[in-house]
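Engineer: Here's the letter readout for the chains.
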Amino acid sequence: MNRPTKQNYQRPTHIDDFPVGPQFEAGHLADTNAGWRTFKPVIDHEKCINCLICYLVCPDGTIIKTETKPDVDYDYCKGCGVCAHECPKDAIEMVKEQR
Amino acid sequence: MKKNKLFISGDEAIAIGTKLARPHVIAAYPITPQTIAVERLSDMVENGELQAEYMHVESEHSAISAAMGASAVGARTFTASSSQGLVYMAEGLHYASGGRFPIVMMNANRSLALPWSIYGDQRDSLGLLDSGWIQVYAEDAQEALDMIIQAYKIAEHPKVLTPIMVNIDGFILTHTYEMVEIPEQEAVDAFLPPFETPNKMSFEEPKNMGFSSQPIDNTEFKYQQDRAILYAHKIIEQTDAEFDKAFGRKYHGMVENYRCDDADQIIVTLGSICGTTRLIVDELRNQGEKVGLLKIRYMRPFPEKEIQELTANAKAIGVLEKNISFGYEGTVYTNVNSAIAKTGKRPYLKNFVGGFGGRNISKDDIRKMFTTLKTQEKTENTVEYFNLNVATDERR
Amino acid sequence: MKDDNTPTAPKRITAKNMTEKEFFYGHKACAGCGGSVAVRLALKVTGEKTFAAFPAGCMAAVGFIYPQMAFRNNAIITTFPGVASMASGISVGAKALGLKGYKTVAFAGDGGTADIGLQALSGMIDRGDDVMYICYDNEAYMNTGIQKSGLTPYGTHTTTTPAGKNFPGSKTQKKNLFEIIAAHDIAYAATASIGYPQDYINKVNKAKQVKGPSFIHVFASCPTGWGSPTHTSIELAKEVVDTGLFFLAEYENGSFKLNKNPKAFKDIPTYLQKQGRFKHLKEEDYKLIEEHRDMKWERMRRNWKHS
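Residue numbers (this note's numbering), protein chains in the order written: chain A, 1 to 99; chain B, 1001 to 1396; chain C, 2001 to 2307.
Just to be clear, a hint being listed does not mean it is correct.
As the list claims (entries may be wrong) - Lysine to aspartate or glutamate pairs mimicking DMTMM-like chemistry, simulated, CA-CA at most 20 Å apart: (1) K1378(B) x E1329(B); (2) K2305(C) x E2252(C); (3) K2021(C) x E46(A); (4) K2049(C) x D1043(B).
What the hints assert, rightly or not - Listed next, the stretches of chain A that the computed footprint assigns to chain C, with coverage defined by at least 3 CB atoms under 8 Å from CB atoms of chain C: (5) 20-31; (6) 41-48; (7) 53-66; (8) 84-90.
Stated by the list, open to error - With beta-carbon atoms standing in for the labels, derived distance ranges: (9) G1127(B) x A30(A): 33 to 43 Å; (10) N2(A) x K2100(C): 40 to 50 Å; (11) K1342(B) x H14(A): 24 to 34 Å; (12) K2100(C) x H1056(B): 41 to 51 Å; (13) H14(A) x K2049(C): 49 to 59 Å; (14) G1127(B) x K2049(C): 57 to 67 Å; (15) D16(A) x K2296(C): 39 to 49 Å; (16) K2049(C) x D90(A): 33 to 43 Å; (17) G2098(C) x E1178(B): 33 to 43 Å; (18) L1279(B) x G2098(C): 31 to 41 Å.
If you're looking for bench data, these hints aren't it; they were derived computationally from the structure. All figures in this text were calculated on a predicted structure; none of them were measured in a lab. C-beta: ideal position from N, C-alpha, C; glycine also.
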């Protein structure tokens, strides 16, 4: 697995089930960040040349390299728009979220 | 079995105790009167007697910070400080206990500026009583050495995981020489196994440590920390008993009861002054007085139950400390008084405060304290600065 | 494997061949956070066996909110002044325990590095501890709400250097942090910017080969603190280099080298006007900023190697 995914976290109900001191499993995610977004990046695979600039500059690491053209992990994309702004081919469009 | 004895200072005893505990990392910054301890440890690392990394940190803040870093990957760590250095470390002291890093440190009890003084009193460590560390006070060099070894065993216990500060009085213990029995390395190894903990950063189970917790969880972490240090009470007693079995020396766990059982007057104190007090207790006992010494060894966890039991039949109790919480009373007294108050009994109580910045506390001072306790002298204040050398009445 | 302190030419890491694994993921940093880019890319270069240390600050605040643990590798929050010393302790502790193949990386902001953490950092370099130290510079104390640090440039409006009738915002220039670090005779130090990500990756990769302390000062934008749109984070971090207000350089084997020596600089006011923190600046401020830039570049070009 290249990216951690949201775990089913239950808050402990007994003191002994808390970690001993402030230390916990690395990469344990109890929450997604999708709710932060107003706009979401949509990659036009026709225009995309797979240069991976978007991948490099994403502050959240949510651009996924694939065999062909990149995808987006919408669970953790915050919609900052850096990818769309830096894309040399204008292949990424920021589309208003419909909620 | 032939016993190996050396004529050494308290600082050297600390260094030897530390060496025997086989720490992986020593991170310390020099400060009088702790220096001899870290100099000896440096010698031992240089000559190969001690296989450890000695980190020449640029401050006490970095000393405790580096010790925590090493502890976070599972290393056994040691640091040492005193006075100004200890309070410079204060942020790290709270951090280490909250992080549950079982670091052992030696603190050479020394006065705090201002005014400057390199000599002893106990305001440095007692001012940090709330930092979440187990605090133990040694009476002599032998106890200092033995307590370093015991301290690792207590601190690293999985249900304790709390750092320990071993306090020895600056100069009075750090720089004076006495015969000290040196335990065999093999016996120490058998008593103190290598440090093992699942609470560390490893490649098998990577961890995110030192995290922040929200209001919904923070209290639980603090409760857990408090419970661990309270639980240490049991481990302290257990460890002392095991130590006795292995080395033939015991310190009676949380407190030492020296002729308190039938005593009418008891002095409660801690650190090297217990030695002088012990002499006066014997002297007065020979004269038929029913007096005793209650030596506090651990200030945290606090020996509440032991103090309640040992003072149950006393008519008068004096708490002697080289410390004052300005604007109120000595902190040791506050703690002892609270323990006694919970029993509902109200014996005569007095707080003897003095010995600041290295001022000697004489046998005569202690004789007078026992007299005050016996006569139950009525005074305006509970706190008595027993060795002020000047008049203190209001001038008109 | 070379054992000495000379950085060897490592295998080039690019977007194409770098690990698809993300080590800093699901964090709660603001959208468009430049510091996150710096941390994320560095960890992708240093990899799985990285011990990462962060002082109290943005990355600590956004990455370790129990039970949301955003680092997939071993990571720890340190005291604010203590990131370098704790990273030292980790590195030395791991060595004492006989661990192999690990890298310890300390990440701290401009305040945590150039101000409160400078003493511990100096000690870490002096001891020669095997730690890579990365300072992500967003030019103010952002986590506490945008206060002036030692790396806040002249004319910046922050909450403790408010711009008004009497003050132009911050009245001081950035400390010469890179030169301060180089003065320790460190084996490898560099400046970088997230606006030039490949250059930054190359430098992290180079620092990774150093056995001993190494240092990278990376410029990283902060939309929240700068009053700039979230999508312009990379653009601004590129422009700051193109205007000459930041520079890309390395210090190796006792000498400085400018990696980028533009023939002409881009227009300073254009860069500044894109950010709320500089909106108040006047002509005379621009002039002052430009003079300071030219003085700095004259000095660098005179004393440092360049193309």
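Engineer: Indicate, hint by hint, whether the structure satisfies it.
Structural biologist: Structure-based check of each hint:
no.: 1; hint: K1378(B) x E1329(B); verdict: holds (17 Å)
no.: 2; hint: K2305(C) x E2252(C); verdict: holds (11 Å)
no.: 3; hint: K2021(C) x E46(A); verdict: violated (26 Å)
no.: 4; hint: K2049(C) x D1043(B); verdict: violated (34 Å)
no.: 5; hint: 20-31; verdict: holds (count 9)
no.: 6; hint: 41-48; verdict: violated (count 0)
no.: 7; hint: 53-66; verdict: holds (count 10)
no.: 8; hint: 84-90; verdict: holds (count 3)
no.: 9; hint: G1127(B) x A30(A): 33 to 43 Å; verdict: holds (39 Å)
no.: 10; hint: N2(A) x K2100(C): 40 to 50 Å; verdict: violated (25 Å)
no.: 11; hint: K1342(B) x H14(A): 24 to 34 Å; verdict: holds (29 Å)
no.: 12; hint: K2100(C) x H1056(B): 41 to 51 Å; verdict: violated (24 Å)
no.: 13; hint: H14(A) x K2049(C): 49 to 59 Å; verdict: violated (34 Å)
no.: 14; hint: G1127(B) x K2049(C): 57 to 67 Å; verdict: violated (41 Å)
no.: 15; hint: D16(A) x K2296(C): 39 to 49 Å; verdict: violated (59 Å)
no.: 16; hint: K2049(C) x D90(A): 33 to 43 Å; verdict: holds (39 Å)
no.: 17; hint: G2098(C) x E1178(B): 33 to 43 Å; verdict: holds (38 Å)
no.: 18; hint: L1279(B) x G2098(C): 31 to 41 Å; verdict: violated (50 Å)
Comparing the model with each numbered hint stated earlier shows that hints 3, 4, 6, 10, 12, 13, 14, 15 and 18 do not hold.
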